[in-house]
Amino acid sequence: MHVNHGRDPIAIVGAGCRLPGARNLTEFWEVLSQGRDTIGTIPQDRFDVETDRGRRPDVLRGAGGYLDDITGFDARFFRVSPFEAVRLDPQQRNLLEVTWDALDDAGIPAESLAGSNTGVYTSLLSSGYWELLRQAGMYDMHAALGAAVSGIFPGRISTLLDLRGPSMGVEAACATSLLAVHVACRALWSGEVDLALVGGANLQIVPDLYFALGDAGVLSSSGKCRFGDVEGDGFVRSEGVACVVLKPLSRALEDGDRIHATILGTSATHDGRTGGSMVAPGLEGHKNMLRAAHRDAGVSACDIDYIEAHGPGTRIGDPTELAALDAIMREGRAPGRPCLVGSVKSNIGHTEFVAGLAGLLKTALAVRHRTVPATLHVEEQHAVLRLPDAAVELATRAQPWPERDGPALAGVSSFGMSGTNIHVVLSEAPDQAPPPRTRARPSHVLPLSARDPQALRELAAAYADLLDTGPDLEDLCFSAGGRRSQHDRRLAVVGADAKSLAASLRAFCDGGESDERSLIVGERRVPRKPKVVFVFPGQGAQWAGMGRDLLAREPAFARHMHACARAVEAELGWSPVDVLLAGRPLSRVQEIQPTLWAMQVALARLWREWGIEPDLLIGHSMGEIAAAVVSGALSLADGAAVVCRRSAVLDELAASGAMWAVGLGEKDAQEAIGEHAGQVCVGVVNSRYATVLSGDDAALEKVVEPLRRRGVFCRRVDVDYASHAPQVDPLREELIGTLRDIRPGAGEVPIHSSAWSRIVEGDELDAGYWFENLRLPVRFADAAQAALAEGRPTVFVEISPHPLLQSSLEDEIEACGATGAVVSSLDRNEPEADILSTALARLYALGCRPDWERLYPEAGYVPLPAYPWQWLNFWPDAPKSVMAPEHPPVAASTRPVRTDMAVLSENELAGVVAGLAAQVLAVPGHEIGIDVPLTLLGLDSVLASRFRDRMRKDLGVDVPIRQLLGSATLLELATELRSAAPVTTAASAGLAATSMASVAAVAAVAPA
105 MHVNHGRDPI AIVGAGCRLP GARNLTEFWE VLSQGRDTIG TIPQDRFDVE TDRGRRPDVL
165 RGAGGYLDDI TGFDARFFRV SPFEAVRLDP QQRNLLEVTW DALDDAGIPA ESLAGSNTGV
225 YTSLLSSGYW ELLRQAGMYD MHAALGAAVS GIFPGRISTL LDLRGPSMGV EAACATSLLA
285 VHVACRALWS GEVDLALVGG ANLQIVPDLY FALGDAGVLS SSGKCRFGDV EGDGFVRSEG
345 VACVVLKPLS RALEDGDRIH ATILGTSATH DGRTGGSMVA PGLEGHKNML RAAHRDAGVS
405 ACDIDYIEAH GPGTRIGDPT ELAALDAIMR EGRAPGRPCL VGSVKSNIGH TEFVAGLAGL
465 LKTALAVRHR TVPATLHVEE QHAVLRLPDA AVELATRAQP WPERDGPALA GVSSFGMSGT
525 NIHVVLSEAP DQAPPPRTRA RPSHVLPLSA RDPQALRELA AAYADLLDTG PDLEDLCFSA
585 GGRRSQHDRR LAVVGADAKS LAASLRAFCD GGESDERSLI VGERRVPRKP KVVFVFPGQG
645 AQWAGMGRDL LAREPAFARH MHACARAVEA ELGWSPVDVL LAGRPLSRVQ EIQPTLWAMQ
705 VALARLWREW GIEPDLLIGH SMGEIAAAVV SGALSLADGA AVVCRRSAVL DELAASGAMW
765 AVGLGEKDAQ EAIGEHAGQV CVGVVNSRYA TVLSGDDAAL EKVVEPLRRR GVFCRRVDVD
825 YASHAPQVDP LREELIGTLR DIRPGAGEVP IHSSAWSRIV EGDELDAGYW FENLRLPVRF
885 ADAAQAALAE GRPTVFVEIS PHPLLQSSLE DEIEACGATG AVVSSLDRNE PEADILSTAL
945 ARLYALGCRP DWERLYPEAG YVPLPAYPWQ WLNFWPDAPK SVMAPEHPPV AASTRPVRTD
1005 MAVLSENELA GVVAGLAAQV LAVPGHEIGI DVPLTLLGLD SVLASRFRDR MRKDLGVDVP
1065 IRQLLGSATL LELATELRSA APVTTAASAG LAATSMASVA AVAAVAPA
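In the working numbering, the protein residues as written are 105 to 1112.
Hints should not be assumed to be uniformly reliable.
[What the hints assert, rightly or not] The following label-pair restraints were derived from C-beta to C-beta distances:
1) A384 <-> P631: 54 to 64 Å
2) P534 <-> G677: 52 to 62 Å
3) K806 <-> A890: 27 to 37 Å
4) E868 <-> F817: 29 to 39 Å
5) D319 <-> D493: 18 to 28 Å
6) S589 <-> P834: 55 to 65 Å
7) D493 <-> K603: 35 to 45 Å
8) K603 <-> S404: 51 to 61 Å
9) R419 <-> H473: 46 to 56 Å
10) E131 <-> S354: 30 to 40 Å
11) D337 <-> P961: 21 to 31 Å
12) S1009 <-> R543: 26 to 36 Å
13) S220 <-> E131: 28 to 38 Å
[Said to hold, decoys possible] With a cut-off of at most 20 Å between alpha-carbon atoms, the simulated DMTMM-like pairs for lysine to aspartate or glutamate come out as follows:
14) K635 <-> E1012
15) K806 <-> D822
16) K603 <-> E627
17) K635 <-> E914
18) K633 <-> E1076
19) K635 <-> E894
20) K771 <-> D822
21) K603 <-> D938
22) K1057 <-> E1080
In short, the hints are calculated from the structure, not lab data. All values reported here derive from a predicted model rather than from experimental measurement. Ideal Cβ placement from N, Cα and C applies to all residues, glycine included.
Using the sequences provided together with the hints, build the complete structure.
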């Protein structure tokens, strides 16, 4: 064998299929390895046959390989509206889902391909669905794009995934799909693309071709494809959908992909006139094809172990193909070692425009499993196969792959009635040894996501079953998180072993009770990544024994903690790590604050290493020192200098006073201070319901006593001095002097200063700032409100050994009416490594994107359960259409001329707009959410134009199409429309009520 070493082979890293009797790749191999024939009879409800035009209805009562359901489609998953879905050729619908299956099988998150140089090559010829749409009167642009032009489909895939490489349909009759593989391989080898998706679909929706093939006598009289049998007289037509994902082998190995097989070379030739006519196979043409493929692959024919023949079982085609194979395969071949040959068509029939991909998948699986499946229905072999010295042998029984030196080699042929011949040379993938394991995670986080609640339940059940088989948990969690697309409905389970993870998943499926620390379910859809705010509390979160569990069980935390400890030790001569490991209570401020600072910086760095990147940092009092280091405004050494030297000044100069936390807002707290204003002040404003009073100890007692009697929450803060009050003024000169050598700089992450109540530049954090941070009031509530003001879903992550600010943050989220959540890193009552895993699971469920490769650096990719598609039926003549009427019946007496927007509330106007959207998109009214962009429901530029026209007619407004296609929700659109509406009079209220009645009528006709 002389493999072409000058060129990187092409790896088949992913595949998906729907073939007769096989809904996926696993079931397809079961069909092959068990020697099953999945050909059945033509479904009698498939065609509406006219018998009065000289046609042969008997042809449609024969054998056929059909898919179970071609009307179903998960339109909502692909953001396709029902209006468009019914106009989309079922071939396109099925291939959309199978392409996604292939990416899942490859472990390539679809979103990771956005903007990539990925090519799309499809085999998708006319199915006749356009004729059904025409008969139903659907002549619009969506029907034309969805069914009239098959070459549109690759562009649909490229647009869906934002791919920037070539996107084309390929056509060469039954050689089409393998020709698409050939074209894709050439693009990969030339460097034109970095990744290729090759897919095809063949569905039989109208019967016309049956009559032509029946008249030509090429359909099997036995209802079987009998390749290699002298009695083979034709093929059985079958349906199929398939897709493969291709990339250079070197990249596949680098990426840790699972490789089904590799492609060494390809050829594409034509018979010319060697067959006597265009549709007759040519012996010389077949020979030329094989020689060209072997030259391209750099292999010798004598080294090929198996050929997957085109093999339809026809009278002329089979003898010609076998004669060509015998002539070429005997070149240099040792006696007694014939090349095995077979045909998948004996199992599933002739899938026509997908036949080449079906043969490629069979051969790739056979190479991977090192098993040659049996070719069925052979009773008497062709003469060329019976020769004593035949170079080819029909594989009529399942058998192990032939043993010889070197990797397994195989070929796949596919021929078209146009005279086009395609051949692909395959080899097995190189051995991939699993990486060595040096450690295991203390607890595991298994993330799951879907775009539909029912799909999420089905997925959870499938993962629970997989966990019962005892998979490697590191591989499983890594693959589920890092090698799958992450959708907007999420859950995560946390546990130490497969049994506990499976139990939590089944609890979710059953709707039963589960520990909230081990099962975290997202409360809402997460259509976009939330804003992440790291919050660093001040003093008070310390506890004896904190950090010890993480130091022992979380190496990344230990690494960061030791770095912080070295910086503290350079300042003070002792290590916070030693203090933590001792497990004793911390008492002096010079010990508490440097240790807390080190914990905070180490925790924040761990979160960032795990992929949780902050958009904003908020520090609370001394917590701002850690925030400054995390932002990059202070170096680690300067951060240690600030916290160590400042705490030393506080300790040495013995600042006085006390602090009390009270359950009052700022205004009420000022009133409670009253006549003691010269001695007591509001030092901290945590929320509109919580403040901290700071000042003279005796005066504070006088302020707090009447509050206690009134039942107001009051608690003395465990500190030795009154910060954020005049009591620290005497420390100013000493503190600024000891910090004069720090060198702040620009930070990478913005900090909202709770001292200055604004975003600060990093270079402002000089010595003077760190005194003001100690002296000025902590306006934490202002910082939280500013973080929420953007309107984006916000997640506050409290970076602390115990939560201090959670309730204050939750108060502000509720008071602002914002979408937000608070996640605590640690809790003194829980094992640290376990609670940190639960916090990570919560962040995932809230829409964050952990870096699973960092979490599981030694894990490898493993196959996962397939996405459970949620089908609705879409067919132009379905007895129960999923489409709402385009113009629902509304009584003439109540039909409004135009809605007066000014008299409606924002929610009412959003309801009116939603009603119009439901009509345009043909979506049931209850499925229109006013809190999501319409593009997520399938609004495209064509439908946006219709929607604009409806709003112009019914509301009297002209909304730009670009605005409708933006990210604004219906509620936001309604708010903008209402603010622009002119002031109305009370007389128009009746008209508005009439309009709402019309919307109710729209909702009434939509299916519940």
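Right, here's what the structure says about each hint:
no. : hint                       : verdict
1   : A384 <-> P631: 54 to 64 Å  : 57 Å, holds
2   : P534 <-> G677: 52 to 62 Å  : 55 Å, holds
3   : K806 <-> A890: 27 to 37 Å  : 34 Å, holds
4   : E868 <-> F817: 29 to 39 Å  : 35 Å, holds
5   : D319 <-> D493: 18 to 28 Å  : 41 Å, violated
6   : S589 <-> P834: 55 to 65 Å  : 60 Å, holds
7   : D493 <-> K603: 35 to 45 Å  : 60 Å, violated
8   : K603 <-> S404: 51 to 61 Å  : 53 Å, holds
9   : R419 <-> H473: 46 to 56 Å  : 33 Å, violated
10  : E131 <-> S354: 30 to 40 Å  : 32 Å, holds
11  : D337 <-> P961: 21 to 31 Å  : 60 Å, violated
12  : S1009 <-> R543: 26 to 36 Å : 58 Å, violated
13  : S220 <-> E131: 28 to 38 Å  : 30 Å, holds
14  : K635 <-> E1012             : 29 Å, violated
15  : K806 <-> D822              : 19 Å, holds
16  : K603 <-> E627              : 25 Å, violated
17  : K635 <-> E914              : 16 Å, holds
18  : K633 <-> E1076             : 19 Å, holds
19  : K635 <-> E894              : 9 Å, holds
20  : K771 <-> D822              : 24 Å, violated
21  : K603 <-> D938              : 16 Å, holds
22  : K1057 <-> E1080            : 18 Å, holds
Hint compliance for this structure: hints 5, 7, 9, 11, 12, 14, 16 and 20 are not met, and every other hint is.
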